[in-house]
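Asker: Below, each chain spelled out in residue letters.
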Amino acid sequence: MQELTLASPGGAVLSLDAVLILLSALACLGSKLFDRYLTYYALQSVLLAVAAATAAYLEGDPALWVLAGLTLVLKGWAIPAAARHWLVQRLDLKRDSGITTGLSLTLVLGTALCAFAYLAVSPERLAHGLLAASVVPISTAVVLLGALAMVVRRHMVAQLIGWLIMENGVFLGAITLTASFPLIVEVGIFFDLLAGFLIMLAMTTGLAERISPLPIGRSGRDS
Amino acid sequence: MVWLPVLVAALPLVGSAFAALSGRTGWAAAATAASAAASLLLAVVVATVTITGAPLASAGAFVYVDGLGGFFLVTVAAVVLLASLGSASYLAVEERSGQLSVRRVRIYFGAFGLFAAAMLAAVETANLGLLFILVEAATLASVVLVPIEGRTEGLEAGWRYVIISSLGITVALVGALFLFYSASALPGSAEAHLAWPFLLAHAHQLAPTALRLGFLLGVVGYGTKVGLAPMHTWLPDAHAEAPAPASAMLSGALLNVGMYAIIRLLAIANRGLGSQYGGRTMLIFGFLSVLVGVVFMIRRRDFKRLFAYSSVEHMGIIAVGLGFGGVLGIYGALLHSLNHSLGKTILFLSGGSVALAYGTRRTDRLGGVVGAMPWTGALLLGAALAILGAPPFGLFISEFTIVRAGLAGDQPWLVALLLALLAVAFLAFIRTVGGMLLGAPRGVHREPYRGSREHLLAVGPSVVGLLALLGLGLWIPSWLNSLLAHSVALVR
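Chains A and B, in that order, give the protein sequences. With numbering that gives the first Met the number 0, letter number 124 in the first sequence gets 123, and the count goes up by one each step, no holes. With numbering that gives the first Met the number 0, letter number 336 in the second sequence gets 335, and the count goes up by one each step, no holes.
No wet-lab data here; the hints were simulated from the structure. Hints may be right or wrong, so weigh each one.
Unchecked claim - If the Cβ cut is set under 8 Å, some of the chain A residues that face chain B in the computed set are: (1) Leu15; (2) Trp85; (3) Ala146.
As the list claims (entries may be wrong) - Residues of chain B clear of chain A, computed beta-carbon distances all greater than 12 Å: (4) Val1; (5) Arg23; (6) Ala53; (7) Ala56; (8) Gly325; (9) Ala407.
To be verified - Calculated Cβ distances over 12 Å to all of chain B for the following chain A residues: (10) Ala41; (11) Val45; (12) Tyr56; (13) Leu69; (14) Gln88; (15) Lys93; (16) Ala111; (17) Val150; (18) Gly172; (19) Arg209.
All C-beta atoms, glycine included, are put in the ideal place defined by N, C-alpha and C.
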């Protein structure tokens, strides 16, 4: 496995793609409309598929091609489409009023997390032999941004999308950094993601039938 | 022999299959219980094999059972068996009273089997990626059980559970990725770099920064599943709202699976970073959890929530034992996880019978349960004393062992702190449960179970569990002792 740096064309493509994935996470964090959340998530997933395809091309690994295709179809199309149909349209969701911090503060926090990710896992401190070490801090930052979205947003649908973004960050790390990551594990993670999405979808619609409007922000109830 | 552990994990799926294919809920319940019994029997065989010989392992360590895995396998399988028997009576009552439709009962048993299978499989793999997949699968299957009784509170609790657990466990996956990176400079296949035996054997050569990150992220991530404070916030809701036998599974089995993952990571950290680092991390999370658990146990009026906070406390005690470390600390922590599982299973199963009979979980509306339901009340009382660490039950021995481990260390004041917290827990718990069990009769009691078979199914598992706890307090079988010793050697 050769090490990729920005100097090689493959490394440059991967790094650029990773930066775009990070930007789409930030864009989602800075948005207030449910429809936009899904658009940015879909965009991010397509970029993730590009990253997987790049890694597949560089490594000549057919398994990674399969993964790129799965990512494109499921995350780039099926999940956003299902969420748009079952959640955004059916529940008539427009503006997210369940954000606990202002958008500018959210973005400041998000940027701080990006800086933290870079300081905590700067490429030169990691072991050598990675496919593209410069992507490690970026994928960590995407995970943190997804977690931030889950924490500052109280609406169930927004939390669900935050989780999906987090998973994209993990996948970016798994796909591009370690092209040799066992395939069975990646497929398993994919399956979990899908099952989790379906269960959360069912719970959201189930709760929406009982409580409307939906925003669920209550912390633990103690009696 | 690798097929044997695979069979142990696959057996509970028989119950799921019955639930999916047949409309007779009684058959699904019977199949679930029978397969759980077979699963426990084979788990004991697997554990015995691991003491005597090398670990049962497949290529790439996707299937890998050593002493530690065998110990947790038996614990989980035992809880699954008790909970499946309890499910048979509990669900029969709820179906008869119209609380649950036949369809929901079928969903319950379908998810129950998947849940059990995923947990059993999780303690049988050494591949950290597969471990994540299985723990997440167990989470998702159990999420289906939480809101099954159809209350809005249940749905809310289920949502909080799935969203916080998924977040936490994704963090654990990032931790696994960092461990993978930390080994990437070493020779060997990609499967090996993600497998526990390889990482443990090469712990000294792992890149320290990535290893430290991987360990911390793993503890926070799986700690969310274990209910270590401050990641415990989902736990009381989910454990209180789930049907009682499902609560027993969540508290008695799933928490242990999370702890198992942490112990695996701790073993690598102990070797690679020195035991100071891992030990201190466990002590911080452990004491915080004991503190939070105990504080929230005070004046808790919903007894299932009380039991749930007690689980937070006990997971904290286990973490403290691991943090004290040494042979005694780890031995005590492992033994405590088995004891706590049995005790908490009895509490939830018997508590479930009380909730069915009185239609409430509020202790201020309950009184004199022992008089109205002698068996259930006595079992609850016994299990409450056991869970509080009163002799002669098993938890006394394991807590005592952990305390001795702490006294052997260089910070004996930590032991004093732990004992003080345990004393507060004792008072808070016994005050609430004592009033409900022994006080003046209160609340309208209506016998939920019909026929001797249902009665036996409702009481029997708890009787067996309590006898086992009593036995563990008086005598540790040599079989269990060597299993524990084997596990301790792996973790130190």
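Asker: For this structure, which hints from the list above don't hold up?
Answerer: 1, 2, 17, 18 and 19
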